[in-house]
Structure formats: structure tokens, C-alpha cells
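In order, the protein sequence lines correspond to chains A and B.
Taken in order, the first sequence gives residues 4 to 116; the numbers are from this note's numbering.
Taken in order, the second sequence gives residues 6 to 121; the numbers are from this note's numbering.
Rather than coming from a laboratory, the hints here were simulated on the basis of the structure.
Being a predicted model, the structure only gives us computed values, none of them experimental.
Be careful, since some hints might not be right.
Residues on chain B that point at chain A, a partial pick, calculated with CB under 10 Å [as the list claims (entries may be wrong)]:
{"#": "1", "residue": "50"}
{"#": "2", "residue": "57"}
{"#": "3", "residue": "69"}
{"#": "4", "residue": "78"}
{"#": "5", "residue": "82"}
{"#": "6", "residue": "85"}
{"#": "7", "residue": "97"}
{"#": "8", "residue": "102"}
{"#": "9", "residue": "110"}
Okay, the calculated bits of chain B under chain A, using three or more residues with CB under 8 Å as the criterion [unchecked claim]:
{"#": "10", "region": "22-30"}
{"#": "11", "region": "36-46"}
Where a beta carbon is used, it is the ideal one built from N, C-alpha and C, also for glycine.
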Amino acid sequence: SQQGEEDPQALSIQEGENATMNCSYKTSINNLQWYRQNSGRGLVHLILIRSNEREKHSGRLRVTLDTSKKSSSLLITASRAADTASYFCATDPFSGGYNKLIFGAGTRLAVHP
Amino acid sequence: NAGVTQTPKFQVLKTGQSMTLQCAQDMNHEYMSWYRQDPGMGLRLIHYSVGAGITDQGEVPNGYNVSRSTTEDFPLRLLSAAPSQTSVYFCASSLQGPSSYNSPLHFGNGTRLTVT
């Protein structure tokens, strides 16, 4: 079964609004990563947060991690039409060996001009 | 740098046929991996390699073989294709593996495979 699950499955907002996507996972992790996928393309890495970190920022992106609740959120501020894509969280679990990055099913974000 | 290159982009197979999906990277990455992406399922790890000569199984390895004879190449073989293997396949590489800090995955643009 998948380690991470994103919520919501789909999100539709207007340009300029903020978009928040959530990720829950099941087992202890080394790190959690967020990726973006534009239609018909491969995934692109956005940000990595380690298990001992609580918050990270990168440009308009803000990621939080709550290991006690086994959850993470990705906030995109002041969204643009170009942010339209699917967003995936991926976890690097402690169990089952290293270097097995496990992806969730993703959140489809649509930003309307 | 071309990054991660996957060929072919599209492929149609009949049940029982075999084929190899090619993946090459020119970033001198030690780690390479194969994922399949199905609607509503996200990406699932098939096989991965932490260096030339070393491979290991992911979440869904059955029906697929891999080898890593060079750092640059990581082909995925389907020995006897089944309709359940219809999917989009992504190859990804990273410098030292996603468990290492500052070693994110770099993805190719995928191979869309249909098995009839």
C-alpha cells in the first residue's frame, strides 16, 4: 500500500489565491519531499524536509512537517496559472531499507486566470 | 546536459511480447530507479540501483527485470507483457539516492506503454 496520501485529490483556485495541499503517511521517515508534475511530463523536485525539521521555505513554497501526526503540508502563496500541475509528496521511510522513495497519489491543482 | 533520457516515448505491445525500455543519464548519478504511474495510484517503485552492478526490488517488481552494467544506463525489461503492465513508466536518477540530503530525483519524461 502507498505510504503517502494527499488531500485534497483536486483543488481549483483563482490566480493570486493561496493553495494548500496536505500529505499523510503511515510509518516513520528519514525525509519527505514534494514534487510537481506538469501534464505529460516527468516530475520535478520542489523541496525536501528532513524528519528533524518542522518548516522550510523556498520562494513561494512553504512546507511544514508534523512527525507526531505523520503529516505534511505544502502551501503555494500568490498562485499563478503556471502553477497548474499535479503535486506529489514522497516519503523516504525508515523501514524496508534506504533509498526507496514512496509517492502518494497526488493533488491536481488548477489555477484559473 | 540532456539529463535523464527515456526511449521510446510510446510503445504498443501484444500480450506475451517482450521489450526493453531504455533509460540513460549523463549527470554521473549513482542512483537510478524505475517507477510506473497509473491513474489514481501515484507512482510505484519497480526496481532501483545504487550503483553499477547493484540492483534491488521496489514495491512492484514482478514481471520486470533490470540490470546496471554502467553508471549511465538502467534498462527495464518486460519479459512477457501483460495488459496489467499498461502504464506510464518513469526513470529517475539522483546523485546518491533520495535518502541523502541534497540528492533529489531527476525524472525523464516517461514511456507510455499499452499492452493489448
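Going down the list of hints, with the structure as the test:
1. A least Cβ separation of about 6 Å between residue 50 of chain B and chain A falls short of the 10 Å threshold, and the interface hint therefore holds.
2. Of the supplied interface hints, the one on residue 57 of chain B is violated, with its beta-carbon coming no nearer than about 15 Å to a beta-carbon of chain A, more than 10 Å.
3. Restraint check, residue 69 of chain B versus chain A: the minimum CB separation of about 16 Å is more than 10 Å; hint violated.
4. The closest approach between the C-beta of residue 78 of chain B and any C-beta of chain A is roughly 17 Å, which is over the 10 Å cut-off, so the hint fails.
5. The beta carbon of residue 82 of chain B is not positioned within 10 Å of any beta carbon in chain A (closest approach about 21 Å), and the interface hint is therefore violated.
6. A distance limit of 10 Å between C-beta atoms decides the matter here; for residue 85 of chain B the minimum to chain A is near 26 Å, and the interface restraint is violated.
7. A hinted interface residue such as residue 97 of chain B counts as satisfied when its beta carbon comes closer than 10 Å to some beta carbon of chain A; here the least separation is about 8 Å, so the hint holds.
8. Look at residue 102 of chain B: its Cβ gets to within about 4 Å of chain A, closer than 10 Å, so that hint holds up.
9. Here the hint on residue 110 of chain B is kept, as its CB sits about 6 Å from the closest CB of chain A, short of 10 Å.
10. Evaluation of the coverage hint for the region 22-30 of chain B: breached, as 0 residues show C-beta separations to chain A shorter than 8 Å, against a requirement of three.
11. Counting residues of the region 36-46 of chain B whose C-beta lies closer than 8 Å to any C-beta of chain A gives 5; at least three are required, and the coverage claim holds.
Checked against the numbered hints given earlier, this structure breaks hints 2, 3, 4, 5, 6, 10; the rest are met.
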